[in-house]
Structure formats: C-alpha cells, structure tokens
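When you get a sec, could you build the whole thing from the sequences and use the hints?
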Amino acid sequence: MGWRSLPGLLLLAALTNCPGKAPRGLRFDSGSDLQRLRPKDGPPAESDSATAVDLSKPSDGSVPRVDQRVPTDAKPPDAGQPPKLDGASPSADSTVVDSAAKLDSTPIDSAPPVDSSVDSAAGSNPCRPTTATLVSQPLADLAFCRKLIGAVNQCGAATLCNDGWRLCPASVYQTHYRATPAPLADAWIAGCVAESSAGFLPLDRVCIGCSSGQGAQQDFGWRCSDLTPAYSSKEVAVGLTSSTTCHRVGIAVTATIGHWRTLGAWIPVSAAVCCRK
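In terms of my numbering, the sequence shown opens at residue 1 and continues consecutively.
Hints are computed from structural coordinates only; laboratory data are not their basis.
For glycine and all other residues, C-beta sits at the position ideal for the given N, C-alpha and C.
Among the hints, a few may not be true.
Claimed, not checked - Here are the computed distance ranges between Cβ atoms for each label pair:
1) Ser232 / Gly164: 33 to 41 angstroms
2) Ser124 / Gly213: 27 to 35 angstroms
3) Pro268 / Asp204: 19 to 27 angstroms
4) Ala198 / Ala151: 24 to 32 angstroms
5) Thr175 / Phe200: 17 to 25 angstroms
See below:
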C-alpha cells in the first residue's frame, strides 16, 4: 500500500492516536515513499540475519569469571625438583646424576691394582720373570739379566730372556760395546770363537753343544792395550761374555776388538745379555 495518498497518512495518524503527525521517534524520508522506519537517535537496525551470540561475555556486561579452583586430588609442584621438559627422558637425567655421584664418591685408593702380569708379556720385560731379574737396560733393545737362582752355561743362557727377546748376537753387542765398557761383566753373549781347539773370528751363535771337551792349551783372548794374552785354555768350545775391559778375541786382530772376553762355553755364569728380536 503506498504512503503518498492522503488516505494513507490519515490511516497512519489514526493508528498512532495522533492525527496528522508521524509517530514520535519516527520520521519520513522526504521525496519518496516512507521506505522504512527507524529511530532518530538509536543505532542502525541490525541485519535480519541471525546475530552471533558471544557466550564468553555475560549479558549484563560484567567481566567473566574464570574458575580457578584446583581439583582436590592435584598435588603442588615439588620445590626441590626442577621442572621437567616435555619430551625429556627422566630416566636418562637420573642416570647421569647417579653416575656422576658414583664417580665423585669413588676414592682414588679404591682403583683396581695394576696387573703385574703385564710385565711378563712378550716384549715388555727383557728378562723372563720366572728365571731372571733385570740388572741394567742401557738401551731400549738391549738389557742385562741376572738369574734368580744358580747359573747357566752358554747353551742355557737364552732362558733368561723373555718372549720377544733373545741372547744378544756377538755382532750386535760389539756395535754398542766396542769402545764402551759393559755395565756388567761375565754375562753370556751369543758368540763363539772356537769349537775345535782353533780360534776364529766371532760367530753370531752359541758354541755347538757347549762341549766341555779338552784340547791343546792355547790363547783365545788378548788385552787391547798391549796384546798381552788374557785367556789361555784347553777348552774345545770357547764362547764370549761381556766385560768391563777391552779384549781381542779368537784372533788378535783389530776386527775382534770389544769389551768382551773368552770363556769355555760349558762354564756356568749367572747372567746374560738379552736383545730385542
């Protein structure tokens, strides 16, 4: 129904009990039909669509109350323990702490003793612990070993050397002690200068069989200083031992000079010169 005609206006006035006037609080839009009615001073009319309701705010405009009640079965955090991080393994943390505590609480004196059997391992001790003791080791690869009990002839001297060591060959010994006195005298060397009552240049081995046979008396050693005979014997097998004085052995030539001396291979002595293999 249109609002331009006078009957329409009169009808509106009749409805509001105020003839000739628009209802209080309403106004007409001039120049057109009364398109809609709205309050003069109020907010614009809301859309006909459903209005979302914010349930987080009370209808009276007050601040919503947060329920901070703690369940009766909850336990307060332990002040003595640090908070645990998410994803961390409590068992791993406790293991580290326990291990550290055990390490700090272990006294130094309680450390396990050193295994003395290591000394008898191959190459670690030049002298065999069950038969000999170390007297001197002037070089890393050469040592003087003394028998614990009794003595040995040249053929048994190697038993004083530990695994990884051997009775020192004459040529190796001469290299170190040609011009230098040995720290120990009368220690067997693996050298032989006679096996049939005839002297010869030193060989790098013990005399075969270490025979105690006798032959003609002859000289097998001379002092380096004046070539005075230092060893004269009837032994068939003549070996070499260490010495603190210089001698020529087997044959009185410069090639046989060294701090060693001749001795019947069968004669027992209490020490040996051991060299690393």
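A range of 19 to 27 angstroms was offered for this pair. Does it hold for the Cβ distance of Pro268 and Asp204? 22 angstroms, holds
Between Ser232 and Gly164, does the C-beta distance stay in 33 to 41 angstroms? 38 angstroms, holds
Does the hinted range 24 to 32 angstroms hold for Ala198 and Ala151 at CB? At roughly 27 angstroms between Cβ atoms, Ala151 and Ala198 fall inside 24 to 32 angstroms, so the hint holds.
Return holds or violated for the Cβ distance of Ser124 and Gly213 against the range 27 to 35 angstroms. 40 angstroms, violated
Assuming the hint says 17 to 25 angstroms, is it satisfied by the Cβ distance from Thr175 to Phe200 or not? 20 angstroms, holds
Checked against the numbered hints above, the structure breaks only hint 2 and satisfies the rest.
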